Every structure is written in C-alpha cells, then in structure tokens.
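> From first to last, the protein sequence lines stand for chains S and U. Using the working numbering, you'd call the opening residue of the first sequence number 84 and step up by one each time. Using the working numbering, you'd call the opening residue of the second sequence number 84 and step up by one each time.
Keep in mind the hints are simulated off the structure, nothing from the lab. Since this is a predicted model, take the numbers as computed values, not measurements. A few of these clues could be false.
To be verified - Here are the simulated BS3-like cross-link-like pairs (lysine-lysine), alpha carbons at most 25 Å apart as the crow flies:
| # | chain 1 | residue 1 | chain 2 | residue 2 |
| --- | --- | --- | --- | --- |
| 1 | S | K293 | S | K213 |
| 2 | U | K136 | U | K117 |
| 3 | S | K445 | S | K383 |
| 4 | S | K249 | S | K123 |
| 5 | S | K112 | S | K184 |
| 6 | S | K113 | S | K213 |
| 7 | U | K445 | S | K113 |
| 8 | U | K445 | S | K213 |
| 9 | S | K445 | U | K113 |
| 10 | U | K383 | U | K445 |
| 11 | S | K113 | S | K136 |
| 12 | U | K117 | U | K293 |
| 13 | S | K249 | S | K184 |
| 14 | S | K383 | U | K136 |
| 15 | U | K227 | U | K136 |
| 16 | S | K232 | S | K136 |
| 17 | U | K249 | U | K113 |
| 18 | U | K136 | U | K343 |
| 19 | S | K188 | S | K213 |
| 20 | S | K112 | U | K184 |
| 21 | S | K343 | S | K136 |
| 22 | U | K445 | S | K383 |
| 23 | U | K249 | S | K445 |
| 24 | S | K445 | U | K136 |
| 25 | S | K343 | S | K445 |
| 26 | U | K445 | S | K136 |
| 27 | S | K112 | S | K293 |
Number of protein chains: 2
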Amino acid sequence: MAVNLHIPSEAEIFPVAGVEIGVTEAGIKKESRKDLTVFKFSPGTAVAGVFTKNRFRAAPVQICESRLQAGHDIRALLINTGNANAGTGADGLERALTSCKALAKELGILEEQVLPFSTGVILEPLPSDKIIAALPQAINALGKNEWLKASHGIMTTDTLPKVSSKQIEVDGRTVTFTGISKGAGMIRPNMATMLGFLATDADIDPELLKSLTLEVANQSFNRITVDGDTSTNDSFIVIATGQSGVQIDSTSSPHYETIKAELTNIARELAQKIVRDAEGATKFMTIRIEDAADSEEALKVAYAIAHSPLVKTAFYASDPNLGRILAAIGYAGIEDLDVANINLWLGDVLVAENGGRSPAYKEEDGQRVMNEAEILVRVSLGRGNTAETVYTCDFSHDYVSINADYRS
Amino acid sequence: MAVNLHIPSEAEIFPVAGVEIGVTEAGIKKESRKDLTVFKFSPGTAVAGVFTKNRFRAAPVQICESRLQAGHDIRALLINTGNANAGTGADGLERALTSCKALAKELGILEEQVLPFSTGVILEPLPSDKIIAALPQAINALGKNEWLKASHGIMTTDTLPKVSSKQIEVDGRTVTFTGISKGAGMIRPNMATMLGFLATDADIDPELLKSLTLEVANQSFNRITVDGDTSTNDSFIVIATGQSGVQIDSTSSPHYETIKAELTNIARELAQKIVRDAEGATKFMTIRIEDAADSEEALKVAYAIAHSPLVKTAFYASDPNLGRILAAIGYAGIEDLDVANINLWLGDVLVAENGGRSPAYKEEDGQRVMNEAEILVRVSLGRGNTAETVYTCDFSHDYVSINADYRS
Numbered sequence: 084m085a086v087n088l089h090i091p092s093e094a095e096i097f098p099v100a101g102v103e104i105g106v107t108e109a110g111i112k113k114e115s116r117k118d119l120t121v122f123k124f125s126p127g128t129a130v131a132g133v134f135t136k137n138r139f140r141a142a143p144v145q146i147c148e149s150r151l152q153a154g155h156d157i158r159a160l161l162i163n164t165g166n167a168n169a170g171t172g173a174d175g176l177e178r179a180l181t182s183c184k185a186l187a188k189e190l191g192i193l194e195e196q197v198l199p200f201s202t203g204v205i206l207e208p209l210p211s212d213k214i215i216a217a218l219p220q221a222i223n224a225l226g227k228n229e230w231l232k233a234s235h236g237i238m239t240t241d242t243l244p245k246v247s248s249k250q251i252e253v254d255g256r257t258v259t260f261t262g263i264s265k266g267a268g269m270i271r272p273n274m275a276t277m278l279g280f281l282a283t284d285a286d287i288d289p290e291l292l293k294s295l296t297l298e299v300a301n302q303s304f305n306r307i308t309v310d311g312d313t314s315t316n317d318s319f320i321v322i323a324t325g326q327s328g329v330q331i332d333s334t335s336s337p338h339y340e341t342i343k344a345e346l347t348n349i350a351r352e353l354a355q356k357i358v359r360d361a362e363g364a365t366k367f368m369t370i371r372i373e374d375a376a377d378s379e380e381a382l383k384v385a386y387a388i389a390h391s392p393l394v395k396t397a398f399y400a401s402d403p404n405l406g407r408i409l410a411a412i413g414y415a416g417i418e419d420l421d422v423a424n425i426n427l428w429l430g431d432v433l434v435a436e437n438g439g440r441s442p443a444y445k446e447e448d449g450q451r452v453m454n455e456a457e458i459l460v461r462v463s464l465g466r467g468n469t470a471e472t473v474y475t476c477d478f479s480h481d482y483v484s485i486n487a488d489y490r491s
Numbered sequence: 084m085a086v087n088l089h090i091p092s093e094a095e096i097f098p099v100a101g102v103e104i105g106v107t108e109a110g111i112k113k114e115s116r117k118d119l120t121v122f123k124f125s126p127g128t129a130v131a132g133v134f135t136k137n138r139f140r141a142a143p144v145q146i147c148e149s150r151l152q153a154g155h156d157i158r159a160l161l162i163n164t165g166n167a168n169a170g171t172g173a174d175g176l177e178r179a180l181t182s183c184k185a186l187a188k189e190l191g192i193l194e195e196q197v198l199p200f201s202t203g204v205i206l207e208p209l210p211s212d213k214i215i216a217a218l219p220q221a222i223n224a225l226g227k228n229e230w231l232k233a234s235h236g237i238m239t240t241d242t243l244p245k246v247s248s249k250q251i252e253v254d255g256r257t258v259t260f261t262g263i264s265k266g267a268g269m270i271r272p273n274m275a276t277m278l279g280f281l282a283t284d285a286d287i288d289p290e291l292l293k294s295l296t297l298e299v300a301n302q303s304f305n306r307i308t309v310d311g312d313t314s315t316n317d318s319f320i321v322i323a324t325g326q327s328g329v330q331i332d333s334t335s336s337p338h339y340e341t342i343k344a345e346l347t348n349i350a351r352e353l354a355q356k357i358v359r360d361a362e363g364a365t366k367f368m369t370i371r372i373e374d375a376a377d378s379e380e381a382l383k384v385a386y387a388i389a390h391s392p393l394v395k396t397a398f399y400a401s402d403p404n405l406g407r408i409l410a411a412i413g414y415a416g417i418e419d420l421d422v423a424n425i426n427l428w429l430g431d432v433l434v435a436e437n438g439g440r441s442p443a444y445k446e447e448d449g450q451r452v453m454n455e456a457e458i459l460v461r462v463s464l465g466r467g468n469t470a471e472t473v474y475t476c477d478f479s480h481d482y483v484s485i486n487a488d489y490r491s
C-alpha cells in the first residue's frame, strides 16, 4: 500500500537521447519475471556514481567504483535483481566480471566500459550463467522507450515501479531528465540507494558530473530511511549523454544552477518514491530539524526520530503519542543539548515548547494531523541556523510480514 | 509470550534485612492496578544509582541524580507506573518534589532522603494528588516479603514480573541479593534501564558502591536492547543495607570480587529478563563480538546487529537469511574494517569465513539453529583481543501491535 506514489503514463516519460534500454527474463531467482536490464549509452556520454559506505560492499559495487575511478568511458550498465552478489568474496567478483565481459563482447565495447549492479538476497552465489545466457534477448529488446519496463525490471520487494521524468527549455533547446529507482527495505542510503539511475541529455563535464552527483545524492537518496539498514549494494548513477547540446562545463556555466536544481528535484522525487513504497508503509513522514548548530547534529536528530521503532509504530497507529519523539531527540547523541530550548510541531500544531508540553496543545489537534497520510514533524533545536530534512515512513505489521517472508 | 523467563516462587525470594516494601493502588492511569511502590531502608544503608543518558531526562531522574550527588542518606524510594513524568518541564519537577515531600513526612525522614521513579507515558502531567492520597495505604502495606508484589507493581507493558534472588555464604555469614526490574519496550539502556532495583545486606562503602554500580550496570543493563530506544527514565539502583555484617570497604577487601560477581550475575539476570519479556519477543538472542580492537568497536557491531529490523524479523521468521547480519556488520561504522577477516557463527555453525559464505555451510544447519528459542550469534572481527556481549530479541508482529496500541 504505497503512499501517494505517482506512476507517470508512457506519455509522461521522456526518452533521453543517447540512452537505450533492454529488459528481459533471465530466471535468476524466479521464472517469468523481468529480472535483467541492460542500459546502452552513445559515445561521449559522461557517467558518475555514488555507492554504499557499507564495508561489506557487494562485488558489483567494488567493480563500479574501481571502473569509475579509473576514468573509463562507461558505455553500458548490466543490472540484475534476485541476487545481491554480496558477501560472496572472490567468487562473487569473478562472476560479476565474467557477466560484464560477456555483455561487452555482445555490444562490441571493452569490458571496462560496463558497470554491473545487483540487488536481492545477500550471501548466495550469483547465477552468472543464467545472466550470460539471457544477454542476447536483452540486447534484442534495446529501445529508447523502455524506461517504464526498466523500472519494473529492477524491482524486488517494491510494490510499484518508480520513474520520474521532466523536460525543460534552456536557450531554446529541450533538456530531458528521466530516472528510475528501486528499494523498499534495507534502506538507509549512505551515499545513495540501490538502485537509482538518472539520465539527462545535458552535456555535463565528466569531472563536474562527479561532484554534482554527490551534491544531488546528499539532497535526495542520502536523506531517506526506511529501517536504518544500509544496504551492501546502494548505487546511484547519473548519466549525461550530452545530446541536447546544452553544455555545462563548470559551476559558473550559465545554466549550471538550473540543471543542478532539476537533477536534484528528480532525484529527490525518485528517493521519496522509495519511501512512499517502503515495505509496509502507510504514512509518508517528513522530518525537518531547524535551528541546529550544524548539518551533522540536525541529521543525528532527524535520523534518531526517523529510526525509532516507537515513533514509527505510533504513526502507524495514528496515535499522537508524541513523547516518543522527545525521547528520540534526547538520545540522538547531542551531548550538550539543552532541552529547554526545544520546540516540536506536528504539521501546524505546536506540541512542545521550551522542552515541555505546550499549554495550548490539545490532543485532538495532534490527532487531526496524525490522521493524515503525509505528515510533517518539525523540531527547532534553538542552537543555530542550519536545517536538514529527512524522509521516512511508519512501521507496520506488513513490514514484519514482508521481511519475515522475504526469502520464501 | 516471554522466552524462558523464570519467575521464582515466594520461597526462592529472600528478603534483604533492612529493606521493607509497600505496594498499593493509586489509580494513576487505570483503576484496580498496583501502580505505586514504596521502599523503606534502615539507617546506615548505602544507595547508588546510574541513570539514562537521554537528554530529555525525566523529572524524577533529575531529582535522583542531584540527591545522590549531594550525598544525602537515602532512606526511601517512591515508584509509580502509568506516567513517566518526562517532557513535563518545571511543573513535572514540582509534582515529583511534592510527592517526595509527602512521603518523607509520612515516614518521618527528610525530603532529600527520598528518591522518586516514574515509568509510563511521556509528555503527560503526573497526577501527584493521586499518589499523595495513596501513600498511607502503601506505608501500611510495608513488609519484608513484598519483593514479588513490587515486581508486579512496577510493570507497564511487561507480561511477567522480573525478580531474582540469591544467598551466598561469606566467612560463615549469609549475604543476600534480591532485585527486581521492569521494561519491555523503549529499551536500549544507556546507563541502565528503567527500572532495576537490586538490594544486598552486604556492608559496602558508599563511595565504592558508586563505582561498583557503574561496573555492574556495564555488564548487565547496559548490554541489552529491544528496540534501540533509550528511555527518558532509565534508572538502576543498588542498595546495600549492611545488615549481614560482611564489610566491603575497598576493591582490595577480601570478598570484593565475590560480592561484585554476585551483584553482576543478578543484575545480568534481571537485565536478561527484560529481553526475555520484551514486547512481542519470541527469541532470545546473544550477540557476541570477538577479536575486536577495543570495546567500543565490539559494541558498535553488536548493537548494529541487535538493532537491525531486518536481522530481527529474519529471526522472528526462523529464516537463516544471514546476509542481513553481514550487512549490519558492514554498516556498523568501523571505517577501516577489512571484511576479509570476518567469520560468523550461528550457534555452533560456521556461516561465513574470510568475509564470504563458508564452503562447508549448509542451509539446513543454519535452519536447525534458527529453530531454537535461544540463539547465539558470534562474530570474529580479526582485529584484536576484546570481546563484548549484548542481549536482544527478535522483532514480531506483536511488537507492532503492542506499540501501536500502547496508549489505548
């Protein structure tokens, strides 16, 4: 039961010149399921990515990082669901490399020009033979209008596909931004989340694209959490094919801010879609921490609230048991926090002021906001001028059911 | 459905000379419920405590800390359930102080000799009038054999009372240790958990008792977690009446180690009982991290595993989906962790070695351990010689039900 997750129609999804996608069934975990996706990029495309900080980085993540770092011209992505190829050691690396090599051969490119991505169960061997056997079908299926199919092809416990698309006019030229994401559990991206792919036909300098990708991730995929579990496979990739002719060479390029803002908006939308479709989610919560001394402490408090099982179950119950939010603020780890300066709002309702229950607060006002499907929790720390926002969801019976049954 | 929680019979619970307890009904939140408990100590009793590090410390916690710090001879405890008196500001402090003053008057002691404790809902005013009105009944009920009744009197969402008791012989004298605890949710004690009270008739130097209490807490209440939510009211109190005549004046006293070991054992048992009766728990899990460089990193890894909703739901399902444990180890925050040195056991089964699935591991072996009610997760980090152990439970539908319904 996703929360207000908009799925655009085919007509609302704009292809990105220079990007072709092919989706097929490789039978990786289950039969008759789209589980293999290939992206092919035209020459001159710039690609940048950010990846999980989990020390148990999956084999494909290790390969992506090293190939991007080496500066290879990336020309293709190879994405499978049904198996994460994580916790698989040297054998896992070997299977990922073999799969990339097979795709490179089929496409007539170098193996270093392929980036691999996997998502699914950890600690089980990747069936690379099945992947390699299905590559010709995937290549045969390559087309420019396959974004919606790809958004289905990368799903695991997602109930709905996640795709966002937009066109803007810059200097009389049309620039397109289209992206997909997946993920519903094991979500606390710490660089980015498995999997987000965002393409534009803007012509962005490759070095600039690296820093831009990190900035975009920090305002989107790095600001969501479902269960606090940082995946072994988180990957967020930005692709710039350049085919619109709109050039962005540096942060002082005339359209840099415009392009950055659009990339950030689409990435945030894709990230929020993950939260809207989070395992068992019935509410979409925006946690905004204001008047913090710095970004780090604002995020500490935001994540303490967003991860508290007690806060999340209260929201699931639409119960304004808001002392649980104060408790989470209190244990967030700010040693010198003076609670006497703390104010808490639920939506537009002032719940606590100066660290205690507001005299004006009435339970029915809290209840009114709690009954909504989208809720803003706003906290003022009274320590400075920094604000941060994190997106999360509630914690329901269905989350337990889904994760108690996931492998069966 | 608690996991192997032993409730001793009346005959197995030894009174502690110098301690009297009275339990009554004050109607704080619900009628006809034992919700008010008074402890009275004989002159010469030493009392020490450790308290939550949550910055939103409840009013009673603030009073306890300041009275213990000032070195007052503590002669009574006043404990209520049904209301946490947290997030209540100056008014909450006033209500706690007034209640203590009334008890002191009834007992003919100074108000500074009373320590208050509250547990229940946060952010609601303490009904101190009801507490004060019920004090004469509580005092009338004072007796030496009321430990079991007190263990009931401090329960909130606990399904079973938690009491442990033991006698040992030292130099031909009998020394008694008896304690109670409560708690089932909002449990990640960070000094100790609301509420643990442990009394002995050993004669322990008051200054020594302070450091000893901290050491004991660090091996018991500070090593459990249910949901990672550190309460605003955590309090662990050790009481030494001295009436056995066994003197412990310093760490070099001949029986110091014996008494410390027994205090630690009983405290650990009381702490584990909280996990055994945790909200919705169906499994009791011991997370042991070995070969860590230091205690801090061992605890980081242990708590990352113990808090992961994905690990906890897999245990609830008895599903050996053990890659989730590797993911938690990977995101625990050890920057330079080399996963190639990591081994993981489930009970006696080697699951992962050198960071990957063990070639000898068979799913049915993992399944066999997963079917047990008490499970040991053991991780070797291969970085040093420090080990730490944390106790936790699984995450079930009932946890969600209990916390979605708690206030109703």
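> Determine for every hint whether it applies to the structure shown.
Tested hints:
{"no.": "1", "hint": "S/K293 / S/K213", "verdict": "33 Å, violated"}
{"no.": "2", "hint": "U/K136 / U/K117", "verdict": "28 Å, violated"}
{"no.": "3", "hint": "S/K445 / S/K383", "verdict": "29 Å, violated"}
{"no.": "4", "hint": "S/K249 / S/K123", "verdict": "21 Å, holds"}
{"no.": "5", "hint": "S/K112 / S/K184", "verdict": "22 Å, holds"}
{"no.": "6", "hint": "S/K113 / S/K213", "verdict": "12 Å, holds"}
{"no.": "7", "hint": "U/K445 / S/K113", "verdict": "21 Å, holds"}
{"no.": "8", "hint": "U/K445 / S/K213", "verdict": "23 Å, holds"}
{"no.": "9", "hint": "S/K445 / U/K113", "verdict": "21 Å, holds"}
{"no.": "10", "hint": "U/K383 / U/K445", "verdict": "29 Å, violated"}
{"no.": "11", "hint": "S/K113 / S/K136", "verdict": "29 Å, violated"}
{"no.": "12", "hint": "U/K117 / U/K293", "verdict": "31 Å, violated"}
{"no.": "13", "hint": "S/K249 / S/K184", "verdict": "34 Å, violated"}
{"no.": "14", "hint": "S/K383 / U/K136", "verdict": "16 Å, holds"}
{"no.": "15", "hint": "U/K227 / U/K136", "verdict": "33 Å, violated"}
{"no.": "16", "hint": "S/K232 / S/K136", "verdict": "29 Å, violated"}
{"no.": "17", "hint": "U/K249 / U/K113", "verdict": "34 Å, violated"}
{"no.": "18", "hint": "U/K136 / U/K343", "verdict": "24 Å, holds"}
{"no.": "19", "hint": "S/K188 / S/K213", "verdict": "16 Å, holds"}
{"no.": "20", "hint": "S/K112 / U/K184", "verdict": "68 Å, violated"}
{"no.": "21", "hint": "S/K343 / S/K136", "verdict": "24 Å, holds"}
{"no.": "22", "hint": "U/K445 / S/K383", "verdict": "40 Å, violated"}
{"no.": "23", "hint": "U/K249 / S/K445", "verdict": "49 Å, violated"}
{"no.": "24", "hint": "S/K445 / U/K136", "verdict": "29 Å, violated"}
{"no.": "25", "hint": "S/K343 / S/K445", "verdict": "43 Å, violated"}
{"no.": "26", "hint": "U/K445 / S/K136", "verdict": "29 Å, violated"}
{"no.": "27", "hint": "S/K112 / S/K293", "verdict": "34 Å, violated"}
In this structure, the earlier hints numbered 1, 2, 3, 10, 11, 12, 13, 15, 16, 17, 20, 22, 23, 24, 25, 26, 27 are contradicted, and the remaining ones agree with it.
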